[in-house]
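Peer 1: Start from chain Y and add chain D according to the hints.
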Amino acid sequence: MCTQSAERGGRETVATVTLSQPIGGGYHRLRFASSGAQNATPGQFVMVRVRDGIAPLLRRPFSIHMVEGDEVELLYREVGEGTGIMTGLKVGDRIDVLQPLGRGFGRGGKVPLLIGGGIGVAPLLYLAHSFLAAGKSPKLLLGGRTERDILCHDQFSCLAVPTRYATEDGSLGDTGLVTALLKDELDSAEDLGGLSVHACGPIPMLSAVARLAEGAGVACEVSLEAHMACGLGACLGCVVKARDGGYVRVCADGPVFDSKKILWP
Amino acid sequence: MAKEFDLSVKVGALELKNPLIAASGTFGYGSEFADFVDPSSYGAIAVKGLSLNPKEGNPMPRIVETSAGMLNAIGLENVGLRRFIEEKLDYLRTLDTKVIANFFGNTVEDYAAMASCLSEVEGIHALEMNISCPNVKAGGIAFGTDPLLAAEVVGAAKKAANLPLIVKLSPNVTDIKVLARAVEEAGADAISLINTITGMAVNLDRQTPALANVTGGLSGPAIKPVALRMTWEALSAVKIPVIGLGGIVTGEDALEFLCLGACAVQIGTANFIKPLSVLDILSEIEHYLTAKGIGRVTDFIGTFRIP
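As they're listed, the protein sequences go chains Y and D.
If you number the first sequence the way this note's numbering does, the last residue is 265 and the count never jumps.
If you number the second sequence the way this note's numbering does, the last residue is 307 and the count never jumps.
Chain Y on its own, in the form it takes in the complex:
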């Protein structure tokens, strides 16, 4: 199949499911093997066609949670028809995946602060791995509504990344928002110049993170989410307002942006 597609001038996009597992709270892990995964960098994303046919019609975008060898892992929350079908995938099933797409995270400072809100933690695991491999000392700040929305404890504790939590109901870590943790980190930092901020989560969180980081003069990257049709930069359906006018495309100019590029709503 691979060779036939290549001969015709196209790149094969079939992947084989190697793990499909609910982890509670409506969250799931999906792992698949395919060629092309090896080149993925943290912060990039994939477009999954959850099944053949015309319902659902469009692919669904997911950030890359982890890459190991030729396997990519996604961490997602079941929210609608597309993700509902995905939860039914079984090991050995074949899915159609475009990957890796978009522009990922940059190099970061000596002490990168990784900030995740809810499912926004998804791209941070691979990012933490890559920062550790580069000899940096990342810290992790995770927020969610309740303890159930704080994901990936185990994976991060294996990495021995210092982690702080904030939940709105106080069921884990500090009571309140993850942005309060960031403020605390920025206020207590001995060397602001060595810090960098890398955040993924809902827009109000990202906007607050960007304001705090920019106020402290710390470089800040944000990973944005959007509904997409093509995922390749052609349809212009996933744009966000840019600070210097016009729009930027989440899929092709991002999904990771310098926070100064974005005009927050």
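Some clues are possibly wrong.
[Said to hold, decoys possible] Covered stretches of chain Y, going by a simulated chain D footprint (3 or more residues, C-beta under 8 Å):
hint: 1; segment: 22-29
hint: 2; segment: 57-66
hint: 3; segment: 158-164
hint: 4; segment: 246-260
Don't read these hints as lab results, they were simulated from the structure.
Glycine is no exception: its CB is placed at the ideal position from the N, C-alpha and C atoms.
Peer 2: Chain D in isolation, oriented as in the chain Y frame:
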């Protein structure tokens, strides 16, 4: 050795190596898809619609998925004529395919100026004028729904153009035959149809429109029956070549339009679903016709008959 299957077609004087044209707005300027599919796989590429000046487009949200289709209200965001020529055309010139410059304007003068300018640029093989975008308030749709205005703007563009001029028609009219005849008489070399059908989606939880523009253009498999009906009606009304589009995602879909008499077809939303669609559709066309003992696409065009 078996004779090679002949996919080539003609749109008037424009020769295409195969009958598939990437529909404007769904294939960017070609390079966006190059990681996954060779853009030269298409017989021609109709680039994202161009205007004299860059256009910012509509607020978000701009797209929403619907049953077997999608609504969009992008608002013709584009880099403008100058940046297209300076930044996008060099890549397109390297491709082994025909480049169709899709364009639109707010006034008759805009259309004429665009047609004249694009005709002078090396690397463009045909023009497609959009008189049918449903998502912009000025221009666009007004020219596409009034036969007198349509004739005036097509006449002016044809006079200014030095390349084959395709006119893309709106389906949002009572009688497509009247519009098709009007643009034919005004000098159009070919017509393409259909553009998207105006539609709307409601966000029930918020009791708001799903699109910031409130209404948008429906595309995808949901609109194919309407597109077939209008292609058939247009073919019955004019003698100039007709390019069919609307909801084509398979080789058999494409063949239905060709069978009616369309000289070529455009592939739009299918590019979003699967960047490799062009390759799949070409193989499906070849397999289908070969099984019928037909060795050339042109032998199948216009074979439709009502018993």
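Peer 1: In terms of beta carbon proximity below 8 Å, does the segment 22-29 of chain Y have 3 or more residues touching chain D?
Peer 2: violated (count 0)
Peer 1: Counting residues of the segment 246-260 of chain Y with a beta carbon closer than 8 Å to any beta carbon of chain D, are there 3 or more?
Peer 2: holds (count 3)
Peer 1: Counting residues of the segment 158-164 of chain Y with a beta carbon closer than 8 Å to any beta carbon of chain D, are there 3 or more?
Peer 2: violated (count 0)
Peer 1: So is the segment 57-66 of chain Y in contact with chain D by the C-beta rule, three or more residues under 8 Å, or is the coverage claim wrong?
Peer 2: Our answer is that it holds, as 3 residues pass the Cβ test (under 8 Å) against chain D, meeting three.
Violated hints, in rising order: 1 and 3; the structure is consistent with all others.
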